[in-house]
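Can you join these two chains into the complex? Each is in its own frame, and there are hints to help.
Top line first, the protein sequences correspond to chains U and E.
For the first sequence, the working numbering begins at 1 and goes up steadily by one.
For the second sequence, the working numbering begins at 1 and goes up steadily by one.
Worth double-checking, as some hints may not be accurate.
[What the hints assert, rightly or not] Derived pair list, reagent style SDA-like, types lysine to any residue, alpha-carbon separation capped at 25 Å: (1) K343(E) <-> S22(U); (2) K61(E) <-> E99(U); (3) K413(U) <-> A301(E); (4) K131(U) <-> D254(U); (5) K366(U) <-> L412(E); (6) K240(U) <-> D229(U); (7) K413(U) <-> D254(U); (8) K338(E) <-> T418(U); (9) K147(E) <-> V165(U); (10) K876(E) <-> C852(E); (11) K18(U) <-> N880(E); (12) K410(U) <-> P312(E); (13) K366(U) <-> Q415(U); (14) K51(E) <-> E99(U); (15) K21(U) <-> V104(E); (16) K375(E) <-> H278(U); (17) K745(E) <-> Q962(E); (18) K133(E) <-> S22(U); (19) K21(U) <-> S201(E); (20) K334(E) <-> L269(U); (21) K418(E) <-> E369(U); (22) K18(U) <-> H53(U); (23) K865(E) <-> Q962(E); (24) K830(E) <-> H54(U); (25) K592(E) <-> E73(U); (26) K334(E) <-> A404(E).
These are calculated hints, taken from the structure and not from any lab test.
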Amino acid sequence: MIHSLFLVNASGDIFLEKHWKSVVSRSVCDYFFEALERATEPENVPPVIPTPHHYLINVLRHRIYFVAVIQSEVPPLFVIEFLHRVVDTFQDYFGVCTEAAIKDNVVVVYELLEEMLDNGFPLATESNILKELIKPPTILRTVVNTITGSTNVGEQLPTGQLSVVPWRRTGVKYTNNEAYFDVIEEIDAIIDKSGSTITAEIQGVIDACVKLTGMPDLTLSFMNPRLLDDVSFHPCVRFKRWEAERILSFIPPDGNFRLLSYHVSSQNLVAIPVYVKHNISFREGSSQGRFELTLGPKQTMGKAVESVLVSSQLPRGVLNANLNPSQGTYTFDPVTKLLSWDVGKINPQKLPSLKGSMSLQAGASKPDENPTINIQFKIQQLAISGLKVNRLDMYGEKYKPFKGIKYMTKAGKFQVRT
Amino acid sequence: MEWASQLCENRGLGSKMTDSKYFTTTKKGEIFELKAELNSDKKEKKKEAVKKVIASMTVGKDVSALFPDVVNCMQTDNLELKKLVYLYLMNYAKSQPDMAIMAVNTFVKDCEDPNPLIRALAVRTMGCIRVDKITEYLCEPLRKCLKDEDPYVRKTAAVCVAKLHDINAQLVEDQGFLDTLKDLISDSNPMVVANAVAALSEIAESHPNSNLLDLNPQTINKLLTALNECTEWGQIFILDCLANYMPRDDRESQSICERVTPRLSHANSAVVLSAVKVLMKFMEMLPKDLDYYGTLLKKLAPPLVTLLSAEPELQYVALRNINLIVQKRPEILKHEMKVFFVKYNDPIYVKLEKLDIMIRLASQANIAQVLAELKEYATEVDVDFVRKAVRAIGRCAIKVEQSAERCVSTLLDLIQTKVNYVVQEAIVVIKDIFRKYPNKYESVIATLCENLDSLDEPEARAAMIWIVGEYAERIDNADELLESFLEGFHDESTQVQLQLLTAIVKLFLKKPTETQELVQQVLSLATQDSDNPDLRDRGYIYWRLLSTDPVAAKEVVLAEKPLISEETDLIEPTLLEELICHIGTLASVYHKPPSAFVEGSRGVQHKRIPARAGSGESAESSDVGQSGPSEAPPAVIPSQGDLLGDLLNLDLAPPTATVPSVQPSMQMGAMDLLGGGLDSLMGDESDTLGGDIGGSPSMGAGLGVAPAAMPTALGIAPAVGGGLGDLFDLGGGVGMPTGSYVAPKTVWLPAMKAKGLEISGTFARRGGIIQMDLTLTNKAMSVMTDFAIQFNRNSFGLAPAGPLQVLTPLSPNQTIDVSLPLSTSGPVMKMEPLNNLQVAVKNNIDVFYFSCQYPLSLIFVEDGKMERQVFLATWKDIPNDNEAQFQIKDIHLNSDAASNKLQGSNIFTIAKRTVEGQDMLYQSVKLTNGIWVLAEMRIQTGNPNYTEMELSIKCRAPEVCQFVFLCYELVLKN
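Isolated chain E, as found in the complex (with noise of 0.2 Å):
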């Protein structure tokens, strides 16, 4: 009893001792009474005042000003007391580095401790302490700790050097230490390899071009061996690099695939997905017809369906990289339906993925039970679900040919229920089931039609006005249901009113006698009464085009449609390839290539699955459709620029195996052709590189096809052909808004330079889209014909977003502009300077190379408008260092017009202050890339003359500051 007593007291005093009193409000004084504690002699007292100095920091309180005591505090044998007195100093170092410079000595003298324990504690904090001046002391002990005999202490070194990397990464460089780190791939103990290899990831990352994990297949030995015996986390930084490994040969790749296969059964799910996408990109390497192929498709199965009986965050990130692997290898989840069957109570992030993948995998063998599932699904509670089924149902339907009567029925019943939201959803998937499937299923208009009245949301009244266009000809009151539409015209949204333009059209071309005065009415008031540019043009093209030939209109407006497929959702071939080399990752969540959002990223390499070498079995593959890159993808997207990115650009040259684009030297060898031909240009000429090019046999065919594949693109311009040339002027003219300041053609080629062809130009950026304008002009005696052109790597991705268009021949003395618009989705490489742009220029003389710079205003993307608080935030998170001024003299603007001449420019205005006779603007620019770039500009409001500007710019990649400068010296001045 007396014990139990005891104990209740205690509890009590334990309660009492929690940590949770360090929480108390801050008093004034407080840190007076704490620098007190801190210099008592009392051991203990001192180091209850330092864990109280650490619960301040932990909530966010300044307790900065203790520097100097809690420093004071560290030579002391008490571990706890060394290790609070460590974290401290990681938090506070920065903010004092003066301060911290006290402390070096003592770590120092930690670092050779005989305890290990001690030495790597020591090394470890050393490298948190984010100050330049101490770095300098770290090295020496940093190398002695690389190379001690504890293993212990050499994994924490390991990571030092990448922490120290961050820091200051020329020191790192020029003390060896990267070959130091090398080494420890090597070493004997699989925790320490595990630790070289994931701080070498972490340095590559910022070091594209570098060869730092140089994999041959000795270090790859070295890595299986390891991937056994280390920790899970070091298995995951094993594996990840191990999967941009490109074995030589099948068989090496299948060595690694059964090395690691074991790791599917691991029970952490990073793990796991890691090994999913080792194999994944190995697998590709193996012959289709061996055993071991089928057997690894089979073992791929389980470990997938297990990571969906995890929790629901991990569930989500399985669930994305499912996404991709089904549409790769569909085989390897065919049979797991009903393992994405949803339950009521997963959250809406999982809900919406797993109807994603059910409709992937929807097939004739299991498309009743999908479809029962649907229906289930389309009575719950949560609307975005229950929409998203019923849309579901709709796919199902085109894309299983079979099961589209019942789809169609299933949505018939699910209209009954008159549900609102379900019915609008339900028309515009028939809609799209009636684009499918022309004149199958139009027996349900009449119950459609039904439905009129609810309809409220304007994608769901545009598909039912679509409806009654397409099919005027068997509803016989089309021209009512019409003109009841037409009553509320000017309050409709763009999508319905275009859709209803056309549908009145529709109806007057198949019923022209009763309904001239509907087509009437819907012209003008699209025409007249209108102020959307996109309706009114649609309202002329249609007018005149009635007025002059009725039966061109009949041909274009009621002109067979391309049937829709299923295809339209799924990732495009060479990006799921990517995305497939990237499982695991953000990007793999996102579906989107790491370059596209990993902000600066210094130049991401771009991965790609390795191809078969081909020993014979090429033919069999093609039972897999699209998987091997070597044969042509079906290009779900038209293939814009590619026909001419295979004529100069070696890497997408056929796959002889010896190209892995993965392999960094080749990244640093970069130029490629091009390259080469640059350097000729430099040097003296050769020859060599340009007969290569023209014998390229791929290149007649990509000229040959390019026209053709033009008219599609515009619709339904071939049909009309020159008539209606002029309307799209027109609308052309009216359309584009006022843009950015483009400045005057400059020569890029002179004449001589080029055997007669003189190339000047300049670049634009019009409503979103970057052009470039070139005039050609041939001054040589002989036509020129089959012209086209390429860019070189270049800092911001620019490539041609298509083939340069001069169909004829250019013959002598004559002239032609030509505009090319541009994409920023090529491959990056950061020029010197960074605007700088190396162009290659073909015509059937000979290829010619020049390089030109372009404003950097040609890549502000329209929606750079920050939001005010993330501004402010942005502007505190960049550090200062990354602040550059300028000024802008000779300026006679005031603010409200600089700042809407840079608005021209996608240089947006987001806030006005102003302040002691000082205008000041802040100023957003988004780049392509995804780059913020900040500015404030100072503006004098009292000089009439406005002569100067001030001008500070902060960016995270403070390298293009200068040319945002540029930009806005240029816009401001012209």
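If we strip away everything but chain U, and leave its shape as in the complex, we get (with noise of 0.2 Å):
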């Protein structure tokens, strides 16, 4: 099992070391450090790295490696979504995780990485568990605490981990009840030279805000359910209530929660809600190329494509660009060669372009290879899939929640090929 952890930051330093067993010595993560320096950039170093006694299994998160330790035969996915479920109570716990904060609530932390793992093997590693144990730290209660001198720690048995739904806390109670959840859609997508799909998937995922008193049994109905096909639920969701009924019945945890994932595959047809026209090319024994690009809707249903940046990485030769663009701003990093435009809305009747010159190294042949376009943008109030909920309704319980459905299409992966 996971046998130590080490928090590595941007620099290089072990700023936090925790060991589950015996003590790992630090010199183990010489051998990160070597890959670390072997890896063109900080993403590239490699998950599982072998050394002579140990395997060390590394995320990158917030800037932050988080390199777990095993000796023995220990499935590496086990390790890494347990990486992510501690990146991600950090989060929970102090908002953002990062070196600072995971200074300033180092007892904390080590509390936390204790109570997630006991002998390498998960403990409690639901959020809702864990907040009953050890609550997070408010500024309020750290300066309550100074002058009463309680504590952090809960002092109730966390019942919830026993349960039959370990992952709701007992005891809840809200004056407002309320039930949210987002339908959160990104395309990814590759576009080729001539504009056609290459292929083109959505992942999509519900979120929920839940904040009801007691133990609320919900169910959510969708108008087209055939939609899912490939999909991974909390453990809350009733696996065989869905096969039967392609419906949703779940006791929801409290709080933040992912309801489902889901995947529409490349062998669905998947709209396309941006087009480029882009023409970019470099001349032989020429120091100037040409640089044009174009956005424009293409399937939105009729929405607003919004909050739209390009970006894209020019090739090495290019010393500078020199572009005009007909709405937004835009940067060239010439060390780094990559180019962003903040393109904002695109408003169909005048559409936001991008033209201009680049300058190429003097005497230097023309560049190998044509840069990808990579585009980001959002739409409110569309699923792209298609997908939309029918209703939700709630049981066990006599109030009345208030309830709500929200629904947006993001760019994931978005790359267009030049």
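Structure representation (structure tokens):
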């Protein structure tokens, strides 16, 4: 099981270590540092690194490497999933997951890690349970604690951990009972030079914020559940009911959680909401290149495309770019060669464009590679797959909750090749 | 307003109040300050002090000096303070064992606290205190907690058994905790079940032969019930445990699959992958014509695809596993090609894996799309990725015949880009395409020749030279081209030199008139001016061949080459099967069997996919090609000793479903046929076993085929015959590194015991190859034939790497010397003594058994030289308890001579130090199973006789130290 955890910051310093079994010397991280040095980019460090006596499994989140040390055969995904849970917990407790936040709360961090693993076995990883055991630090509580001498450690038994609904804490009370659901879809797509779609898929999630008193039992049904043939559920969802009736039936955890995530594969027809017209060209023997880019809305079901951001890694040979945006602002970093254009909202009547010239190194030959254009955007009130919630019902409690559903579509890895 | 300003103040206060204040640098006297605070009367001050101590501990400062003071704070009813003290205890108890005993009473008391939270906390912490003295006190409270009324305490106690086992395995067994743990599998609370399974699995890992997780239909049912209700982590443990079960029939298999399938929709990817493992394994038992089988196949694709939309680290592990799955069952993902298309900002490790899978999925139906993608990738920035993409195009051409032409034209397009590394990579793969489709694409040679000058990498140069040589008759200026390479012959790498030599000989054989001078030039360069034995030997062979028998030379050098196929990069079927059983583990990430890399794996069980209990459908199942182990899998790698393995090893017997090698009970009875045989050797003789072997139908075939397989391995040998044999001998003599000490042969099997067959032998390690040198003498009156050999499982997995080569019958009074190459990939079982080897030899008369001991230096590998830093770290890392001291007397060597001698046996000296008239040598040895042994040798330099050496040996597996010492002695004294 998991032996130890080291937290390493961007400059390569170990700033926290935790051992669940015997102490493993810090020097084991030297192998990690070697890999870090070899990697061209921070994110290119291989996730599993063998050393003579241990294996190091690491994830990079918020510019911190979480390096787990294992000694025997342990499923690597188990370790990675656990590390993600650690990151999520820190974020949940401290609002951000940064070196400063972790150092500021080092005792709580230590207590949390101790509660999350016992001898390398996961113990309590559900945020609901952890919060019963260890109260998150708030400014007010810190002050009160210092004055009164009380503590962050909860005194009750985490009964939720033993019940059939281990994800929900008991005795929840709210004066305003509300349940909000966000249907968020991300489009991953690769568009080729000529504008046709090579591959496009949708990663969707339904995130919920449920603040309901007692033990509510919810059902959520869809207008078109057939879209969801590839889904991963929160453990609270009753799988049998879904299989039989295509209805989500569940007792929700308290607070924020991801109810389900789904995947609409490239075999279905995925609507592409924006198009790009581009002309990025270099001529042999000339030290100038042409750059033209125009964006336009495509299949958006009449909704506005907002928060558009275009970025592109220009070839190394490009010295500078002298461009003229019809709207928004652009920056070009001559060191990293990263061009980014903050477009804002696309107005279908007046399409945004970015035109101008690039200067190349004098005498250098024409760059070999073609830059790829990365696009980010948001469309409010639309789930591009067409998924629609039909109704939400609550059983088991008497009060009338306030309900809300929001839709949003975003670009995931949306790439246009040139 | 007032409230707001107060909030601001609080905020300021808050930031000052954070824990970062504990990070102020260690001042001198800080420890004293803390000590005073810890002993303060004020509760609050005490707690603050403990917090400071913990914070210092977290960042690696040594605060162990405060041990008694912190322990004094333990008796408190403040839960947080208690927890903090417990945290501290776990960290430092090991270094202060005597002090830690002071804490025992509090633990025992806390274990009976009315609050289950405290009971659980106490039992949890006790288990983390890794001090032998304390463990005894632990037993009683633990026993109570295992039967506690509160499931929270029970589940904590279950894990505690695993902790205790890690500290003192014997104690756990003696106290009967293992049985209690087994009972917990039937607990009413799913969380307790899951933890019991997890604890048992971990214990079982160090106990390969125990039947701790004795799975039967009842326990399986309990596990499946708990599976639905326990936490995600518990589900992983249970699924991994289920994967070891061997269902009795296809109906049970199907019902388990049905109950596991819902796990594919879990949000935790580790749960998903473990479920995939169970399904992939049990699917094998389902009839292929069953509707359910098809449904299941369809259900597997979406979760695998979903894994690819997760974070890159998860993707990487998923991709490594998908790589196995598509080799085993390509049908699952054959329509999902597009999800493997590379995004330009994927991390490089994801890109490379995706590329690999794209090639595996490439087929006639999707090849156009794949090629378009690959061509796109070839224009990316990352050089490694571009190279691999170009290589992938070549692999596509070889895999999908219909696409070859398109691939070649794509490659030509890429060559036109003139990007240096793209051109070189393209030429390397075009060479392979030529080998796969001879006489088809030679029209492109002209284009290739244009790029001759830009090639600066050995592999590309060698490939180009190969092409020129192979098609010399069609290239008008082939001689000029080759001559131009010849100019810088000595600066080329060996690879290029060898290729150039062969190419010029080819050219000469094709156009003898114009190139005589050239060939003489290259032969003399290779034979006279080169230090490289490989090159020299090849040169001599060609030379003699050309001068004695040019016709034979033509037959040898211009012989038809075997076609290469895509199969070469597939994982060998038996390994693939084992890896499928380990989906989701490290083994699946490294594509190596667990025994190959899990350190000190104390006997890893080789897992097998269950065979279909054939009930008539076996004929239909053949359409899936290489699926069932029952059908002889297409041997991609020549199956070495497998033929003989069949002969003597019941494990590999036809799939009678009653011999599931995974069942632990089988491992216990381990010996299989041989074990029984050996027993009979000790006791009275029984002929039944021998009879069984003799009667095995595969035997004749096995021996019949073996010799025929040999020549292909030698390559060109058969065409030339005897004359060349000498040359090979010559080569062998020159090229062989002067090696390790080889003990003289001793008699292992006296003739009296073996019906006239006398066997004597010894072991040697030559150039990385382990050999068993045997002398067989026939002292009986009749001719002996049909020799075969087999080993019992042994400590380091030694096994014959080929059949015993006694090709001619052994007539009476004849003696024959045989060298048997050994591999270390055989089944592993710890022997007593460690280096004991039990051997069975069969001939036409009977089967005979004997045992012998090999020097441990046999399994010291050539790359056993450790980096200095690693050595230092490892030396520190290995606990002192594992260190063993020895003395070697009467050695007349100085330190340099000794270290040279040892080096011959792969004991490498890493560093030498002279301290106070003593030479200290630091040495490392690596065993074939990856275990490192470190040694420190002290030699008195002042003394002219060097009569005494002191040796300290450290190893994670201390049992080998003694044997390593014996090797030292053996090597140094001979």
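Hint by hint, here is what the structure shows:
Restraint check: the Cα-Cα separation between K343(E) and S22(U) comes to about 42 Å, which exceeds 25 Å; the hinted pair is violated. At most 25 Å may separate the alpha-carbon atoms for a hinted pair to count; K61(E) and E99(U) meet this at roughly 19 Å. At roughly 22 Å between alpha-carbon atoms, K413(U) and A301(E) fall within 25 Å of each other, so this suggested pair holds. Restraint check for K131(U) and D254(U): the C-alpha separation of about 11 Å stays at or below 25 Å, so the hint holds.
Only pairs whose Cα atoms come within 25 Å are accepted, and K366(U) paired with L412(E) is accepted, the gap being roughly 20 Å. A hinted pair counts as satisfied when its Cα atoms are at most 25 Å apart, and K240(U) with D229(U) qualifies at roughly 15 Å. Taking the CA atoms of K413(U) and D254(U), the gap is about 32 Å. The hint is violated against a cut of 25 Å. Using a Cα cut-off of 25 Å, the hinted pair K338(E) and T418(U) holds, with the two alpha carbons roughly 19 Å apart.
Restraint check: the Cα-Cα separation between K147(E) and V165(U) comes to about 23 Å, which is no more than 25 Å; the hinted pair holds. Of the supplied pair hints, the one linking K876(E) and C852(E) is violated, its CA atoms being roughly 36 Å apart against a limit of 25 Å. Straight-line distance between C-alpha atoms of K18(U) and N880(E) comes to about 23 Å, which keeps the hinted pair within the 25 Å bound. At roughly 19 Å between alpha-carbon atoms, K410(U) and P312(E) fall within 25 Å of each other, so this suggested pair holds.
Restraint check: the Cα-Cα separation between K366(U) and Q415(U) comes to about 23 Å, which is no more than 25 Å; the hinted pair holds. Between the alpha carbons of K51(E) and E99(U) the distance comes to roughly 19 Å, so the proposed pair stays at or under 25 Å and holds. With a C-alpha separation of about 19 Å, the suggested pair K21(U) and V104(E) falls inside the 25 Å cut-off, and the hint holds. A hinted pair counts as satisfied when its Cα atoms are at most 25 Å apart, and K375(E) with H278(U) qualifies at roughly 20 Å.
Taking the CA atoms of K745(E) and Q962(E), the gap is near 23 Å; set against the 25 Å cutoff, the hint holds. Taken as a hint, the K133(E) and S22(U) pair is honoured in the structure, with Cα atoms around 16 Å apart against an allowance of 25 Å. The suggested pairing of K21(U) with S201(E) holds, with an alpha-carbon distance near 17 Å, which does not exceed 25 Å. For the given pair, K334(E) sits about 19 Å from L269(U) by alpha-carbon distance, which is consistent with the 25 Å threshold.
The hinted pair formed by K418(E) and E369(U) meets the criterion: a straight-line CA distance of about 13 Å does not exceed 25 Å. Between K18(U) and H53(U) the alpha-carbon distance is near 18 Å, which keeps this suggested pair within the 25 Å criterion. Between K865(E) and Q962(E), the direct Cα distance comes to roughly 20 Å. Compliance with the 25 Å bound is thereby established for this hinted pair. A threshold of 25 Å between alpha carbons decides the hint, and for K830(E) with H54(U) the separation of about 23 Å falls inside it, so the pair holds.
With a CA separation close to 12 Å, the supplied pair K592(E) and E73(U) stays within the 25 Å bound. This hinted pair checks out: K334(E) and A404(E) have alpha carbons roughly 20 Å apart, not beyond 25 Å.
Hints 1, 7, 10 from the list above are not met by this structure, while the remaining hints are.
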